[in-house]
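*Asks:* What follows is each chain in one-letter form.
There are 2 protein chains.
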Amino acid sequence: MKIAIVFGGVSFEHEISIVSSIAMKDVLNNELIYLFLDASRDLYHIPTDIIKSKLFSTGEYKKFDKVFLQKGGFYKKGGLFSKDQTIHYDVVLNLSHGGDGEDGVLSSVLEFYNIPFVAPRTEACVVSSNKFLTKGYASSVGVNTLDYKYFTKGDKVVVDSFPAILKPVKLGSSIGVSIVKSQEELEYALDVAYEFDNAVIIEPFISGVKEYNLAGTKVNGEFRFSIIEEPQKAEFLDFDKKYLDFSRTSKALEVDLGEKLNEEIKESFRRLYNTLFEGSIIRCDFFVVNDTVYLNEINSIPGSMANYLFQDFSRLFNEVASTLPLKKYIPITYEYVNKIQATKGK
Amino acid sequence: MKIAIVFGGVSFEHEISIVSSIAMKDVLNNELIYLFLDASRDLYHIPTDIIKSKLFSTGEYKKFDKVFLQKGGFYKKGGLFSKDQTIHYDVVLNLSHGGDGEDGVLSSVLEFYNIPFVAPRTEACVVSSNKFLTKGYASSVGVNTLDYKYFTKGDKVVVDSFPAILKPVKLGSSIGVSIVKSQEELEYALDVAYEFDNAVIIEPFISGVKEYNLAGTKVNGEFRFSIIEEPQKAEFLDFDKKYLDFSRTSKALEVDLGEKLNEEIKESFRRLYNTLFEGSIIRCDFFVVNDTVYLNEINSIPGSMANYLFQDFSRLFNEVASTLPLKKYIPITYEYVNKIQATKGK
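Chains A and B supply the protein sequences, listed in that same order. Position one of the first sequence corresponds to residue 1 (the UniProt record's numbering), numbered consecutively onward. Position one of the second sequence corresponds to residue 1 (the UniProt record's numbering), numbered consecutively onward.
Treat the hints with caution; some may be incorrect.
Since the list gives no way to pick out one identical chain from another, each pair is judged satisfied if it fits inside one copy or across any two copies.
To be verified - The calculated BS3-like cross-link candidates involving lysine-lysine, where the alpha carbons are at most 25 angstroms apart (straight line), are:
| # | residue 1 | residue 2 |
| --- | --- | --- |
| 1 | Lys66 | Lys76 |
| 2 | Lys52 | Lys339 |
| 3 | Lys328 | Lys153 |
| 4 | Lys66 | Lys83 |
| 5 | Lys83 | Lys62 |
| 6 | Lys328 | Lys156 |
| 7 | Lys156 | Lys327 |
| 8 | Lys149 | Lys328 |
| 9 | Lys77 | Lys66 |
| 10 | Lys71 | Lys83 |
| 11 | Lys62 | Lys339 |
| 12 | Lys2 | Lys52 |
| 13 | Lys2 | Lys71 |
| 14 | Lys156 | Lys266 |
| 15 | Lys66 | Lys25 |
Source of the hints: derived by calculation from the structure; they are not laboratory data.
With the rest of the complex left out, here is chain A (with noise of 0.2 angstroms):
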């Protein structure tokens, strides 16, 4: 199977999604073709044995082939006497982190044209991608969360006890993130956030809290479970930190939380998985409270794809590829219309 992986794109996680992609060569055994999306949208091909960073930083990136979508998948113009050339694959990878990748455009994009693909489907993107929906979401489906309040752009903000987490509802990696101590100190956070989002979402901050990863799939219907791993962080993980995170490829050390909780961290996957997130592979992080499981986030395009995580990436990628949910057939009939202009005599 011959992957196709589209990466970079309009995002605050641009840069990351080049290392989780480049990552990929270390653990996917399949023929990979790199599908770069540059800050303005435009595609370039390029070349897997000499994909490298420093490519994209310098803008060296340019001087490769241009790739254009088109339905059924991607093609380089040709030249007035050539045809344009298609790019074959068999799947693609959405594996641009943040904005395009994670909030739906880019699973959209593909969908229009008809491209297949792993990754979440833009309702799974929308709901994983803003804090406020994914409050909402855990919540339909039975899975705790925290306390929070909701604020959009000019309403009157009250925390009821600090310290207190604030966040942008719609961005990932920490990004806009701010711990706040005092009443003093949740103006400028709001104004950092703000920068960056026009809605925020605030939460009592818990120290120490102990945070529990697990990620997984379903293949033919069957769930698929990574280990549950308790990742290593600072107060909360900086970008930096977590920059470093995404070109992850050795294995991570399993933890046993007991019967009890281990299952109830499964449980909670399987509910938020169910049937939306179909055709991805996904990590959900969470909180443990006296031992009580509650939702942090979910990553639908999780650093490296959580590569580390599971036994055998590769094998289980492949499986998932292989078995992409299908859309439904939705017939187009012209029934109504041939009745209506019967009636109007046209």
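Add chain B to chain A, keeping to what the hints say.
*Replies:* Showing chain B alone in chain A's frame:
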């Protein structure tokens, strides 16, 4: 202002999108360009002076120019010695009802190519086109909805009391919806609904419930409301009746529910629209039960844009189109890639 109407699309409401779009000729005072998305997602430019629904049911539309998407807009391919031709417009109106138009796919595609458009952005489409997500969202913003249960294919379905109304989560215009009066009818209704979707919600069916519709939008941060209408309806609107509704251009009759209920309906609209729906004109349908307002559904691209509910639709549309929400600027930097390269000594 020149408006390009994109309509049709892969949707059970493909046909009514045609009817809605043709109705725009009677209600918008602008120069219009018609771009038809057919069942294969090919785009065609249909001349405005001769557009009629029969062109589509007969397949005659295929004789018109094919249109392609690229960064910044739409174009027609040139010949061997002629250049590609750009289609000129100021703003797009996404008027594809149901799938593609309302599920976020088309909005994402327009955003991807940097095309300004009137319609909900991807997030708002996803929230309003999925009844389960709408319920969760409404509850998160403090708007009442009727009690419901959510099931996905394979779940054991238990209904507490009859009659109940069973709906596929993702379709509009009453497609796949059944009123279920007994346990025996339930199985059949589930089969029908699962033909269209793999998830359903079941609500109590309240016979003779009063429904009220309110359309609205925001211009420069200020809400602009339509009149409130009590639509004429049968037990529930079936597809035929709804269909005729999509060609409405004559003014609706205002209903006055008294200051308290009028304001409650408007306040519910404000909470739902908030910042999520900026850039769109939507219609919210409410139930009133025992003097309490409940959201029934959000029509993110309402039939004929709910023009018949507004005093001066054309003027309002132009105001919305000239004050579209701007995407936050996302700077793409390579700060961290450079840092990592330094760390690695590469």
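*Asks:* The structure should be examined with respect to each hint, and the outcome stated for every one.
*Replies:* Right, here's what the structure says about each hint:
Taking CA atoms no more than 25 angstroms apart as the test, Lys66 paired with Lys76 passes in both settings, with 6 angstroms inside one copy and 20 angstroms between copies. When the C-alpha separation of Lys52 and Lys339 is checked against a cutoff of 25 angstroms, the pair qualifies only between copies, where the shortest distance is 14 angstroms, while the shortest distance within a copy is 60 angstroms. Only between protomers do Lys328 and Lys153 lie at most 25 angstroms apart by alpha-carbon distance; the minimum there is 14 angstroms, versus 39 angstroms within a single protomer. Both within a single protomer and between protomers do Lys66 and Lys83 lie at most 25 angstroms apart by alpha-carbon distance, with minima of 15 angstroms and 19 angstroms respectively.
For a Cα distance limit of 25 angstroms, the shortest separation of Lys83 from Lys62 qualifies both inside one copy, at 22 angstroms, and across copies, at 24 angstroms. For the identical chains of this complex, Lys328 and Lys156 are inter-copy neighbours only, at 22 angstroms across copies versus 45 angstroms inside a copy, given an alpha-carbon limit of 25 angstroms. Taking the shortest Cα distances, Lys156 and Lys327 sit within 25 angstroms of each other only across copies (24 angstroms), while inside one copy they are farther apart (44 angstroms). Taking the shortest Cα distances, Lys149 and Lys328 sit within 25 angstroms of each other only across copies (23 angstroms), while inside one copy they are farther apart (37 angstroms).
Within a single copy, Lys77 and Lys66 get their C-alpha atoms as close as 8 angstroms, and across copies as close as 18 angstroms, so both meet the 25 angstroms cut-off. With identical chains, the CA atoms of Lys71 and Lys83 are at most 25 angstroms apart both within one copy (16 angstroms) and between copies (21 angstroms). With identical chains, the CA atoms of Lys62 and Lys339 are at most 25 angstroms apart between copies only, with a shortest distance of 22 angstroms across copies and 54 angstroms within one. Within a single copy, Lys2 and Lys52 get their C-alpha atoms as close as 20 angstroms, which meets the 25 angstroms cut-off; across copies the closest is 45 angstroms, which misses it.
In this assembly of identical chains, Lys2 and Lys71 lie within 25 angstroms of each other by CA distance solely inside one copy; the values are 19 angstroms within and 27 angstroms between copies. Taking the closest pair of Cα atoms, Lys156 and Lys266 come within 25 angstroms of each other only across two copies (21 angstroms); inside a single copy the shortest separation is 38 angstroms, beyond that limit. In the homo-oligomer, the alpha carbons of Lys66 and Lys25 lie at most 25 angstroms apart inside one protomer (22 angstroms), although the nearest pairing across protomers, at 40 angstroms, exceeds that limit.
Going down the numbered hints, you'll see the structure goes against none, and every one checks out.
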